[in-house]
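Chain by chain, the residues run as shown.
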Amino acid sequence: MATTEEIRADLADIVNEVAGVDADDVQLDKSFVDDLDVDSLSMVEVVVAAEEKFGVTIPDDEVKNLKTVGDAVAFIERSQG
Amino acid sequence: MPSTRVVVTGLGTTSPVGGDVPTTWQALLAGTSGIRHLTDDWVDQLPVKIGGRVAVEPSEILDRVKARRLDRSSQFAMVAADQAWADSGLEGSGLEPERLGVCLASGIGGVTTLLANYDTLLEKGARRVSPLAVPMLMPNAPAANVSLKYGARAAVHAPTSACASGNEAIAMAIDLIRLGRADVVIAGGTEAAIHPLPMAAFANMMALSKTGSEDGGDPTTVSRPWDTGRDGFVLGEGGSVLILESEEHARARGATIYAQVLGAGISNDAHDIAQPDPEGRGGTRAIKMALREGDVDPATVVHVNAHATSTPKGDIAEGLMLHAVLGEHVDRCVVTSTKSMTGHLLGGAGALEAIATVMALRDRVSPPTINLDHLDPEVDLDIPTSRRDLPQGDIVGLNNSFGFGGANVAVAFGSV
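First to last, the protein sequences are chains A and B.
Going by UniProt numbering, the residue at position 21 of the first sequence is 21; the numbering climbs one at a time, nothing skipped.
Going by UniProt numbering, the residue at position 175 of the second sequence is 175; the numbering climbs one at a time, nothing skipped.
If we strip away everything but chain A, and leave its shape as in the complex, we get (with noise of 0.2 Å):
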């Protein structure tokens, strides 16, 4: 079982292949859009990359509500718990 600090590791390196952003700069406070810069095609990117990495499913309807990278990471440990 992945540890979150795991898991964020992870995200950030996607959110940096993706979006370019500094993989130590994705941190659980910060948010895509606001802190981040990630727009809405990147974050599709982003959640179809991590559906792939951690073989979790993350329905469209859900996508909305990982505003931060702490949701991100929550919902992907409950999934895969």
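Derived from the structure by calculation, the hints contain no laboratory data.
Positions of the beta carbon are idealized from the N, C-alpha and C atoms, including for glycine.
Be aware that one or more of the hints could be misleading.
Claimed, not checked - Under the rule of at most 27 Å between Cα atoms (straight-line distance), these lysine-lysine pairs were calculated in the DSS-like manner:
no.	chain 1	residue 1	chain 2	residue 2
1	B	K124	A	K30
2	B	K210	A	K53
3	A	K64	B	K288
Unchecked claim - Where chain A lies over chain B, by a calculated footprint (3+ residues, C-beta under 8 Å):
no.	stretch
4	55-65
5	123-132
For this one, chain A is given, so just place chain B on it according to the hints.
Then chain B, alone, in the frame of chain A:
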């Protein structure tokens, strides 16, 4: 006669023979071929295994994150536009966004993005198809992305006429300026179609040469316009951009002017979807129109950068056009096909060859046509096989492009 005169104030390219205009121009003058054996893993299954990849990969220049949102054709366009914009000196000039337009064409559009996403769809399912696929693959993506980069709000056009697309974009840009809809237009063409599907299709329609693809074959000798041994074109890739500007605007800001744009002509064959009119009547009309627009005396047309792709019929038809338009003056006109070195860039061809035409007028020298060992007896043109000086005084150069579908576009440039 339109009263607004148009000039060329910036150039940029990424081509099979160079990563910028100076490198490309010197390679063309030296007769250097950019055609190589392709090293892609898919090439084994194809009858044609050669092509003209860009000399400098765009990934070496563009920001990684920005580049991954651009189809390869848009990447080429962005590289070329950045160079041309810097060259023009327009940055910080106070040009209003509403007076800046973009006309940037591609013949096929984002075909590698389209097909890569189709592979993903088949292999991994619909969920894995990129949400960026449509804005990347649409044929106006190169124009749109360049317009976003430079905030061009006058217009954004992407005319498609297959291999005439780049030249049509230039002709359209000239009109935008003459009609008063823009003071400056970022104009050009781009293509990134070196992929097994278009290559197989072009090969199956007998358009691509299958020569030189076997082990030990020399790829640099396969593109041989007007030579008796020509048997089809070689596919190249790349993007090229010219900054076109009203003369008044250019002079007011003290811009360096490469050349004048004297006139443009556009016509259609309505003859066949892929074959040229064997008598070249449509092309003749386009060239005549370009010269008439600029009130050009045929005696001053001393240089032609021909479309001549190294196909059996098209090369002959273009010779007939030049005879029909220039008459006795054709004997004093130095004709070249730089496709002998770059291959055929499809929608990227017209703009690359426009740059070569402009540079030939500026430096008063024509690039050679390489691989012309035995001139086709049906072609009666002066086609030097090494660089040839052009005369002093007011001289005119012509750039021709013809496309599948029947489009003919000719643009006449004048020396300054």
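Cross-check of the supplied hints:
1. B:K124 to A:K30: Violated. K124 of chain B to K30 of chain A sits at ~31 Å, over the 27 Å cutoff.
2. B:K210 to A:K53: violated (44 Å)
3. A:K64 to B:K288: Distance ~60 Å between K64 of chain A and K288 of chain B Cα, so the pair is violated.
4. 55-65: holds (count 3)
5. 123-132: Since three or more residues must qualify, the claim that chain A covers the stretch 123-132 of chain B holds, with 5 doing so at under 8 Å.
In this structure, the hints that do not hold are numbers 1, 2, 3, in rising order.
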